[in-house]
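Model the full structure from these sequences, guided by the hints.
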Amino acid sequence: MNAAATPFVESMQAAAVSGLPGSGVAWLDEARHAALRAFVERGLPDTRNELWKYTALRALQQRAYAPRDDEVASRGVADDLLRLDGCDGPRAVFVNGVFRGDLSRLDELAGSITLQPLSHALQHRPEPLRFLLGARADEDEDGFTLLNRALAADGLVVRVADGARISQPLHVVHVGTNAGSAVAWHLRDLIELGDGASLAVIEHHVGDDTSGHLANIVRTITLRAHARLGWTIVQRASEDATLLRHTDCVLHDNAELDFHALELGGKLSRHELRVDLAGDRARFASRGAFVLDGRQHCDTEVLVTHRGRDTVSDSLWRGVASDRARGVVHGRILVQPGADGSDGSFYNKNLLLSPTAEIDTRPALEIYADEVKANHGATVGQLDDNVLFYLRSRGIPLDTARRMLVRAFCAVTLDGIRPAPLRGFCETLLAEQLPEAEA
Amino acid sequence: MLKIENLHARVAGKEILKGLSLEAKPGEVHAIMGPNGAGKSTLGNVIAGRAGYEVTQGSVTFDGNDLLAMEPEARAAAGVFLAFQYPVEIPGVNNTYFLRAALNAQRKARGETELDSMQFLKLVRERVKEMGMTPELLNRAVNQGFSGGEKKRNEVFQMAVLEPRLAILDETDSGLDIDALKQVAEGVNRLRSPERSSLVITHYQRLLDYIVPDFVHVLADGRIVESGDATLAKELEAHGYAWVRDRTPREAHA
Chain A
71 MNAAATPFVE SMQAAAVSGL PGSGVAWLDE ARHAALRAFV ERGLPDTRNE LWKYTALRAL
131 QQRAYAPRDD EVASRGVADD LLRLDGCDGP RAVFVNGVFR GDLSRLDELA GSITLQPLSH
191 ALQHRPEPLR FLLGARADED EDGFTLLNRA LAADGLVVRV ADGARISQPL HVVHVGTNAG
251 SAVAWHLRDL IELGDGASLA VIEHHVGDDT SGHLANIVRT ITLRAHARLG WTIVQRASED
311 ATLLRHTDCV LHDNAELDFH ALELGGKLSR HELRVDLAGD RARFASRGAF VLDGRQHCDT
371 EVLVTHRGRD TVSDSLWRGV ASDRARGVVH GRILVQPGAD GSDGSFYNKN LLLSPTAEID
431 TRPALEIYAD EVKANHGATV GQLDDNVLFY LRSRGIPLDT ARRMLVRAFC AVTLDGIRPA
491 PLRGFCETLL AEQLPEAEA
Chain B
331 MLKIENLHAR VAGKEILKGL SLEAKPGEVH AIMGPNGAGK STLGNVIAGR AGYEVTQGSV
391 TFDGNDLLAM EPEARAAAGV FLAFQYPVEI PGVNNTYFLR AALNAQRKAR GETELDSMQF
451 LKLVRERVKE MGMTPELLNR AVNQGFSGGE KKRNEVFQMA VLEPRLAILD ETDSGLDIDA
511 LKQVAEGVNR LRSPERSSLV ITHYQRLLDY IVPDFVHVLA DGRIVESGDA TLAKELEAHG
571 YAWVRDRTPR EAHA
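Listed in order, the protein sequences are those of chains A and B. Each residue of the first sequence is one higher than the last, beginning at 71 in our numbering. Each residue of the second sequence is one higher than the last, beginning at 331 in our numbering.
Simulated from the structure, these hints should not be mistaken for lab results. One should not assume that every hint holds.
Under 8 Å between C-beta atoms, here's a sample of chain A residues computed to sit facing chain B [unchecked claim]:
{"no.": "1", "residue": "N456"}
{"no.": "2", "residue": "V457"}
{"no.": "3", "residue": "F459"}
{"no.": "4", "residue": "Y460"}
{"no.": "5", "residue": "R462"}
{"no.": "6", "residue": "S463"}
{"no.": "7", "residue": "R464"}
{"no.": "8", "residue": "G465"}
{"no.": "9", "residue": "P467"}
{"no.": "10", "residue": "L468"}
{"no.": "11", "residue": "T470"}
{"no.": "12", "residue": "F479"}
{"no.": "13", "residue": "A481"}
Now the stretches of chain B that chain A is said to cover, found in silico as 3 or more residues with beta-carbon under 8 Å [to be verified]:
{"no.": "14", "stretch": "377-385"}
{"no.": "15", "stretch": "410-417"}
{"no.": "16", "stretch": "431-444"}
Please read these numbers as outputs of a predicted model, since none were measured by experiment. Ideal Cβ placement from N, Cα and C applies to all residues, glycine included.
Here it is, written out as C-alpha cells:
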C-alpha cells in the first residue's frame, strides 16, 4: 500500500534515481530503487511514530522540491559564511548539498586522515562503500533515512588511521544559497576513527536566503577502541530551511564521543542522534542548546544505548523558546542486559519566553541490567521575576536583563566548546538570537 | 531629593502602607525602624519599583520627578539603589560582568560615556580594597554559593561601585556578625556626602551604632508614628516597640 501521494512524495519520486553519482553500479541502483519504493510505501513519518510525536509534517507534505540545483558549481558564496572563529585549518564546503572543492581547503589535512566527498567515491571506487550503501534498510527506518538511501548524491567519507591524533579541527560547512527555487538534497556521511585515533569536527550550517531548501543528512560514525571524536554543531540554517539529520554512532571499547550543539536556525530542524555504547568503558557526553524564535520548530532526539560494561553517558541540554516557537527534546537511555556498571544521565531544562511558545521534553530510562546508575530530569519554566527585578534595580534594561539570563541559562552547554574563540562566538550568537523585546 | 507623601500601597490586595510621608534631603541619613510587618520592606520595594506593589494613593518623587512612573532601571539610572534584604543568586552571570553591565547601562542612560574594561577594572579594584571584599567573589556568579554575610557585603560593594544618590538598605544588617556589620557600615559611611542620602531600614538599633543617622523614624502599621534624632533609636532599644505604640495617639492604630 502506498502512502498518500502528497506534493512532497511526488517531488521525491520525480527526483529519480538515475543520474546520481554511482548510478549504473548494479548493487547501488538496486539498493536505491528498493529504498525509493519503500519510501513511497511508507511515506513521511507521522505523529503516531513515537520519535516524531511532537513534530508534525503536514506543512512539509504540501511542499515540492527541486531535485538539484543545476548551477550549484558556479554559485558564489560570501566568504564570511565560510568562516568561523577559531577554525582556520582544513575545511570541507557543501553548497546546496554539493561538495565544492574550490571553496574547500583540504590540502591542509594531515596525511593520516583521508577525506573524500561521497560523490567522488561513488564515481571512482564505490565498492568499499557497499557494506553501507548496499545494505537493506531496517524495518523501522523512517521516510527520511529511506529517501537518503535512495537519493544521497554527496556527503563526506572520512577515515582517520589507527593512532593518528589530528590536532587541527576539521571545519565542515553546509551552505544553503539561493537557487531560484527550493531544492532538496540528501547527504550521506561516513566517519571512522581507527584504534586510538582522535579528531575534532566542527560542523557549521549557514544560509543566505529564504528559498527554503531541505537538507536530509544521514551519518554513520564509528569510533574504534580508544578513539576520541569531538564534534560540535553550530546550526544557523536560513530561516525558511528544513534540516533533518539522523546520526548513528557506534563506540567500541574505551572510545569517547564529546558532542556539542547550538541550534539556532531553520524553520524546521531535527536531529536524531543515536549513540551505541557497544564497547566496554565507552563514554559519550553531549551538551546542547536551542534558542528559537518566531515559528521555528526544533526537535532533538538523543537515544543512547548502553551495551558494553561500565559505559558512561552524560547529557545536558537547554532549550529556550519565544514567540510561537516550539522545541522538542527526547532523551532516552536504554541499558541493555549485560551492560553492568553503566552510568547514564540526561538532564534538560527549558525556558519559555512567551505564553504561546511550547517545549515538550521527555526523558526516558529503560534498564535491563544490574548495578546501573541512571538519572534523568527535565523542567520547563520561565525567567525568574525576582532575578529580573534584581538586574533592573541595578540599572540593566529589561531586554538586556533577559538576554543576560538566557545566555547564562545556556552557558553551561557552551563551556566545553573548543577552540576558545569558537566558544566566544557561540556565546555572541546566543545573545543575538534573542528577540528585541517581549512582554 | 526624595519626597514621599501620603503613600498607600497594597500587596496581594492587602494594604500595607497606610499614608506614609517622609522627606529626605541631600546629605541626610534616615533610619526607618519598626516591628516586623510594619511595612519597612514594602517601602523599599515601592521606591525601587518591584512588581506586585500597587500604589493606591499618594506620591513618591525624586528630584521632583514622579518616581512611581519610572521603570526600575530608570530609577536606578536616576540614582536610586536598593540593597536587597534577600539578594538573589544568578547562576551563570559573572559578578564583575554584571556590575560592569549595570554601571555602563546607568551611565548610558544618563548620557555619560561608558567605562572600558580597563577603567572598570581599576574602579573595581579600588572598591574591593576599600570594602575588604574577597577578590575571588568577583569572579564567581552573582551571589551564587555566597554566605549570608558575603551576599550582604556584595550588596554594599555594588553600591560602592554604582555610587547611587539615594541608597536604601533593606535590613542589610540582619544575619551579619559584628565584623561584617562594621564593614557594611563603613561602606555606607564612605558614601556619605552632601549630595547623597540614605534610608537605612532596620529592625535593630545595632547597625545605627556604626551608621549614625540624622533622623530616626518609627514605622508601625503602615505609617510613621514617631520621628526623632539618633537618640530615638536608643530609646527604642531600651523600651521596645511597645513603648512607641503606647505613646502613639489611638487613632493612629485604629
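Now the hints, each set against the structure:
1. N456: OK, holds: N456/A within 8 Å of chain B, min 5 Å.
2. V457: Result: holds, 5 Å to nearest chain B Cβ.
3. F459: holds (5 Å)
4. Y460: Nearest chain B Cβ about 5 Å off; hint holds.
5. R462: Holds, because the Cβ-Cβ distance from R462/A to chain B comes to roughly 4 Å (cut-off 8 Å).
6. S463: Nearest chain B Cβ about 5 Å off; hint holds.
7. R464: holds (4 Å)
8. G465: holds (4 Å)
9. P467: holds (5 Å)
10. L468: OK, holds: L468/A within 8 Å of chain B, min 7 Å.
11. T470: Result: holds, 7 Å to nearest chain B Cβ.
12. F479: holds (7 Å)
13. A481: Holds, about 5 Å.
14. 377-385: Since 4 is at least three, the answer is holds.
15. 410-417: Result for this restraint: holds, n = 4.
16. 431-444: As far as the stretch 431-444 of chain B goes, the hint holds, because 6 residues have Cβ atoms under 8 Å from chain A.
Of the numbered hints listed earlier, not one is contradicted by the structure.
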